[in-house]
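Now for the letters of each chain:
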Amino acid sequence: MALLPEQFSQLESLAETWALPTELQRSERRWAAGPDDFRRFYDAMLPVLDQVLDYLDRYEPDNVPEPALPLYRLALAFAEAAPHNELYDCSNTVPNSFDAHRFVAAHGEIRDR
Amino acid sequence: MAAAADQIKQAMPFTTRYPELGTGPLDVRPLIDPELFELERERIFKQSWLYVARAEELAEPGDYKLRRLDVANTSVIIVRDRNGEVHAFHNICTHRGNKLIPDQEAQSLGHTATHTLTCRFHAWTFNTDGALRGIARQESFADLDKSCLGLKRIHCAEWEGFIFINLAEQPRQSLVEYLDGMADHFAGYPYHEATVRLRYSTVLNCNWKVALYAFSEAYHVPTIHKGTFPSLARLEHTEIKCFGPHSTSGIYVPPVPGLEPTPVTANLGGRLRTSDRHRPHLELLPENINPDNRQDFQFEFPVFFPNFLLHLGAGNGYPGMAYFTHQFWPVAVDKTLWEGTNHFRPPETVSERVAIAHTNALHRNAWLEDTSTMEDTYQALASGVLEEMVLMDEELMIRNTHKHWHDYMGI
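Protein chains in written order, with the working numbering: chain A, 4 to 116; chain B, 679 to 1089.
Just so you know, the hints here were simulated from the structure itself, not pulled from any lab data. Some clues are possibly wrong.
Restricting the straight-line Cα-Cα distance to at most 25 Å, the calculated cross-link-like pairs of lysine to any residue (SDA-like) are [claimed, not checked]:
id: 1; chain 1: B; residue 1: K904; chain 2: A; residue 2: N99
id: 2; chain 1: B; residue 1: K824; chain 2: B; residue 2: H768
id: 3; chain 1: B; residue 1: K904; chain 2: A; residue 2: D92
id: 4; chain 1: B; residue 1: K904; chain 2: A; residue 2: C93
id: 5; chain 1: B; residue 1: K1013; chain 2: A; residue 2: L90
id: 6; chain 1: B; residue 1: K904; chain 2: A; residue 2: A108
id: 7; chain 1: B; residue 1: K904; chain 2: A; residue 2: L49
id: 8; chain 1: B; residue 1: K904; chain 2: A; residue 2: L90
id: 9; chain 1: B; residue 1: K904; chain 2: A; residue 2: E69
id: 10; chain 1: B; residue 1: K904; chain 2: A; residue 2: T96
id: 11; chain 1: B; residue 1: K904; chain 2: A; residue 2: Y91
id: 12; chain 1: B; residue 1: K724; chain 2: B; residue 2: E836
id: 13; chain 1: B; residue 1: K904; chain 2: A; residue 2: S94
id: 14; chain 1: B; residue 1: K1013; chain 2: A; residue 2: N99
id: 15; chain 1: B; residue 1: K904; chain 2: A; residue 2: D39
id: 16; chain 1: B; residue 1: K904; chain 2: A; residue 2: H104
id: 17; chain 1: B; residue 1: K904; chain 2: A; residue 2: D102
id: 18; chain 1: B; residue 1: K777; chain 2: B; residue 2: E738
id: 19; chain 1: B; residue 1: K687; chain 2: B; residue 2: K1013
id: 20; chain 1: B; residue 1: K904; chain 2: A; residue 2: Y45
id: 21; chain 1: B; residue 1: K1013; chain 2: A; residue 2: G111
id: 22; chain 1: B; residue 1: K904; chain 2: A; residue 2: D65
id: 23; chain 1: B; residue 1: K1013; chain 2: A; residue 2: D39
id: 24; chain 1: B; residue 1: K904; chain 2: A; residue 2: L72
id: 25; chain 1: B; residue 1: K904; chain 2: A; residue 2: A36
id: 26; chain 1: B; residue 1: K904; chain 2: A; residue 2: E9
Restraint ranges, calculated between C-beta atoms of paired labels, are given here [to be verified]:
id: 27; chain 1: B; residue 1: H789; chain 2: A; residue 2: R43; range: 40 to 48 Å
id: 28; chain 1: B; residue 1: T792; chain 2: A; residue 2: T96; range: 31 to 39 Å
id: 29; chain 1: A; residue 1: S94; chain 2: B; residue 2: D1054; range: 38 to 46 Å
id: 30; chain 1: A; residue 1: H104; chain 2: B; residue 2: E855; range: 41 to 49 Å
id: 31; chain 1: B; residue 1: T916; chain 2: A; residue 2: W34; range: 35 to 43 Å
id: 32; chain 1: B; residue 1: F799; chain 2: A; residue 2: S94; range: 46 to 54 Å
What you are looking at is a predicted structure, and each value in this text was computed from that prediction instead of being measured. Yeah, the Cβ is synthetic: ideal placement off N, Cα and C, and Gly gets one too.
Given only the sequences and the hints, what does the whole structure look like? Please build it.
Structure follows, in structure tokens:
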């Protein structure tokens, strides 16, 4: 059973690993990603970012129905991962930074934020 | 001598406006001495007004917030009673001293639908205005005066929706008197509309002032943040003013020629910058903030003594960000709970929420850059090798905090 609407089927394999419901889970995915993971995600997502967001904008932010949640989670994961492509040379850490694992997001357990 | 004075004035135009602060180096000992830390508990944290909650966190009667205050060896309940009034109490049952509400976290929110708080030890029950309401098997207590056994009250006051407490028996000043010129300088912005709060925290192995001082200047920005915010390379830290123990300043970011926003930042940040709700709202800034109405205004950046920083950007700095705050809560001489919270207006669309997640992620990453120096700084200072630290002009807010730290401490 596909996770994403048919027009985004090319993102399906990304959704399988990145479309996670909480910031904490998405962060753990980011911390485990290698440079190729970031590149694949970015190269597939950037060209369709507008279409993905247009699709999601038919829903209220607090009322995204179950079938659209994987796409929504994928968009959130992309927003959080893209800086690694655009600024950190596809490294999974922020250069010269504090240990991200020690940084607690108080809202990190809240779903779909 | 006159030539030397002129040279100092030229090098330090902001600092020399406050001759009482001097221009010399600061002593390092307050940042590392365990005995001074013990005195700070009494002389600073039990004497100052401390920011503990936003009014929106207690939006409805019955809403409460628990705030652990290790520095004062206590835990505080801030609660809105059934008439809408906000009270603060020590989180302690007046029977035998159990915590009325368990506080595993440094801060947490709750709600009581019955407008009562019941101790889980012996079921003593208190109203949210602090009065003792019910005692299980009251007939078995002798000479009990319930009116004397209400919750232990803490002074509590609200300014612009920021709720402060003061642990002193009798605070020396009201909150507004304490805030000095800051009360007017920051008044009038619709802080209450920024109800989306994304908070991060960590325990840093450093003294609270090492963390506070690192966040109290922008001299570090071009070096520390060249990874996440190369656009800040030409940042100006200006309009630095002191109001008693507090200080404030303006941050402006002239564009860097040839530096274009990256594609995702252009897309997602652009969505917030063009949405009526999240776009820059310079017109909402209090009149003395960004007084020249500069379009490159990033944020107004103050230090509220002793441990609260508020950055007011009105959506003009980081895309969509109304304001953000930092707090530095001492746990031990070498341990500090740091909390940073990004405040946004609520998203109306899913794409706005995604864009907010992007701004938030970038800012979180910048905080990871900020916090990377603090434990190193503390370890190095704790060696005692450096007895003094020298400051440049734009590190004036540190100088002001340090001077008032000495005044509060009486040393």
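Check the structure against each numbered hint from earlier and tell me which ones fail, lowest number first. 5, 9, 19, 22, 23, 24, 26, 28 and 29
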